[in-house]
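Heads up, the sequence shown is in full-length UniProt numbering, so the first residue is 1 and it goes up one at a time.
Take the hints with a grain of salt, since some may be wrong.
[Claimed, not checked] Only pairs whose alpha carbons sit at most 20 Å apart, straight line, appear in this in silico SDA-like list of lysine to any residue:
1. K153 / N198
2. K169 / L189
3. K185 / I195
4. K30 / Y193
5. K169 / L186
6. K185 / T165
7. K215 / Q171
8. K7 / I70
9. K136 / K153
10. K26 / I82
[To be verified] Computed beta-carbon distance windows for the label pairs:
11. W54 / A76: 15 to 25 Å
12. L84 / I61: 20 to 30 Å
13. Y174 / C13: 39 to 49 Å
14. F176 / I70: 49 to 59 Å
Hints listed in this document are in silico derivations from the structure and should not be mistaken for laboratory results. Predicted model, so just to flag it, every value in this text is computed and none were measured. Yeah, the Cβ is synthetic: ideal placement off N, Cα and C, and Gly gets one too.
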Amino acid sequence: METLFFKTFVWLCFAGLVIYTYLYGKNEEKMDAKVFLIRKIWYLVYLFGALVYWTIHPASIFMNFKNYAITALIFAAIDGFIFLNMYFRKTGKYELERFTKTVSANESLIQDNLLMAKNMLDILNDEGIVGYYGSKEGYLLGLKEVLASYAEKADMSVNILPFNTPPEKDQALYSFANPGSARAKLDRLETVYHIDENYALHPIYLFHDALYLLKISGSRAITEMDCILFIIMAHVYDFAAPSDDMD
């Protein structure tokens with residue numbers, strides 16, 4: 001029975017490594033973000049196995065301590081080769097490479113955010129924002145033009161969707177696997193992201209009490225910063241647009 005337990009334990013460890021390798025190949029970025037947690041779990045697995053063996057054979061930690069040490073070295077080697085991708089690199093060099101990648105990613109994000117802010121300022125300074133008189137349809141048309149001018153500079157697109165009646169909500173959320181959860185977030189005025197199709201739905205009140213969604217799409221994943229800048233543009237337009245004759 002004991003032998004069967006440890007054989008099963010070893011094969012489960014191997015199956016876990018295979019699953020990790022498969023998931024890493026599918027989404028390297030997500031797995032990199034979780035690698036430190038996975039490494040901790042990996043060493044907890046070693047401690048669990050060692051504790052089980054020690055519980056069955058208490059004297060083994062003194063008489064056969066080499067077995068514990070050899071197993072620990074095997075776990076450490078797998079950690080280095082599988083989780084850290086070290087191969088024949090030094091640990092310090094690997095950690096430096098990881099840190100450099102993180103810094104580069106953050107620098108790229110900052111540059112992207114600065115470019116988006118610059119695009120918004122260009123529109124405000126060079127093109128200006130003209131408020132629309134007349135009906136709600138005219139107001140929405142003007143808002144769509146302002147947001148579209150910014151979206152074009154940022155290589156994105158934007159639509160304004162009503163989100164008040166049940167049919168409007170169903171239409172806006174038809175492509176979500178769990179529309180109920182998305183609807184609850186939007187009703188709480190939280191942004192909802194559709195990762196697979198690279199768009200976000202950001203709720204905004206217009207005409208005081210009418211809820212609308214800004215559907216922001218792009219060739220890349222839409223970020224919170226993207227949504228914030230679109231909302232700023234919408235509020236700037238709102239200040240420019242006359243509040244009367246909006247029937």
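Hints, verified against the model:
For the suggested pair K153 and N198, the alpha carbons sit about 17 Å apart, so the restraint of at most 20 Å is met. Distance hint between K169 and L189 is fulfilled; the C-alpha atoms sit about 14 Å from each other, no more than 20 Å. Taken as a hint, the K185 and I195 pair is honoured in the structure, with Cα atoms around 16 Å apart against an allowance of 20 Å. Taken as a hint, the K30 and Y193 pair is honoured in the structure, with Cα atoms around 17 Å apart against an allowance of 20 Å.
For the proposed pair K169 and L186, the alpha carbon gap of about 10 Å is at most 20 Å, so the pair holds. Simply put, K185 and T165 have alpha-carbon atoms about 16 Å apart, close enough for the 20 Å limit, and the pair holds. Taking the CA atoms of K215 and Q171, the gap is near 12 Å; set against the 20 Å cutoff, the hint holds. At roughly 17 Å between alpha-carbon atoms, K7 and I70 fall within 20 Å of each other, so this suggested pair holds.
Taken as a hint, the K136 and K153 pair is broken in the structure, with Cα atoms around 26 Å apart against an allowance of 20 Å. As the CA atoms of K26 and I82 are separated by approximately 15 Å, the hinted pair is consistent with the 20 Å bound. Range check, W54 to A76: about 19 Å between beta-carbon atoms, so the 15 to 25 Å window is met. In this structure the hint that L84 and I61 lie 20 to 30 Å apart at CB holds, the actual value being about 28 Å.
The supplied range of 39 to 49 Å is met by Y174 and C13, whose beta-carbon atoms lie about 43 Å from each other. At roughly 51 Å, the beta carbons of F176 and I70 sit within the given window of 49 to 59 Å.
Violated hints amount to a single one, hint 9; each of the other numbered hints is respected by the structure.
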